[in-house]
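Participant: Sequence:
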Amino acid sequence: VVVSTTVNVDGHVLAVSDNMFVHNNSKHGRRARRLDPSEGTPPYLENAATPCIKAISPSEGWTTGGATVIIIGDNFFDGLQVVFGTMLVWSELITPHAIRVQTPPRHIPGVVEVTLSYKSKQFCKGAPGRFVYT
788 VVVSTTVNVD GHVLAVSDNM FVHNNSKHGR RARRLDPSEG TPPYLENAAT
838 PCIKAISPSE GWTTGGATVI IIGDNFFDGL QVVFGTMLVW SELITPHAIR
888 VQTPPRHIPG VVEVTLSYKS KQFCKGAPGR FVYT
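Just so we're aligned, residue 788 is where the sequence shown starts under my numbering, counting upward by one.
No lab work stands behind these hints: they were computed from the structure.
Just so you know, even glycine gets a beta-carbon here, dropped at the ideal spot from N, CA and C.
Any given hint might turn out to be false.
Result set (BS3-like, lysine-lysine): computed pairs, CA atoms no more than 25 Å apart in a straight line [unchecked claim]:
id, residue 1, residue 2
1, Lys841, Lys912
2, Lys906, Lys841
3, Lys908, Lys841
Computed beta-carbon distance windows for the label pairs [said to hold, decoys possible]:
id, residue 1, residue 2, range
4, Ala836, Thr921, 28 to 36 Å
5, Arg917, His884, 12 to 20 Å
6, Ile895, Ala836, 34 to 42 Å
7, Gly853, Thr873, 14 to 22 Å
Can you build the whole structure from these sequences, using the hints too?
Facilitator: In structure tokens form, the structure reads like this:
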């Protein structure tokens, strides 16, 4: 195994790859810690950067909901919730850059904005992710 920004290997090269996100798809990963609202703002949020969504994968699904979706972004933390339109959904923190959610059902097809929320404070309102219900 060679990790380098340039390919310079003595011998045969079996494969070359760009950087990629690798998900282990484990059902037994970390569990999100439920925060008690009476505890106030956690110390790690006092001077923390604002969480933002960069991508949603997959970015479309059925109106019946229930699809597993990975939200990719920055500055994610335990207790951060995902909002599809106006529907708050349970989320599982995978890393500070990835959150797993199940899509909620929707009565009609169309595009919904996907934002983040923590203790009723909304994030990504100016640049929300988008999910298409078909």
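Participant: Each of the hints needs a verdict: does it hold here or not?
Facilitator: Verification of the supplied hints:
The straight-line distance between the Cα atoms of lysine 841 and lysine 912 is roughly 13 Å, inside the 25 Å bound, and the hint therefore holds. For the given pair, lysine 906 sits about 22 Å from lysine 841 by alpha-carbon distance, which is consistent with the 25 Å threshold. Between lysine 908 and lysine 841 the CA atoms are separated by roughly 19 Å; this keeps the pair inside 25 Å, and the hint holds. The hint said 28 to 36 Å for the Cβ distance between alanine 836 and threonine 921, and at roughly 34 Å that hint holds.
Separation of arginine 917 from histidine 884 is about 19 Å and conforms to the stated range, judged on CB atoms against 12 to 20 Å. One distance hint, 34 to 42 Å for the beta-carbon pair isoleucine 895 and alanine 836, holds here, with the actual separation near 36 Å. A hinted range of 14 to 22 Å for the beta carbons of glycine 853 and threonine 873 is consistent with their spacing of about 18 Å.
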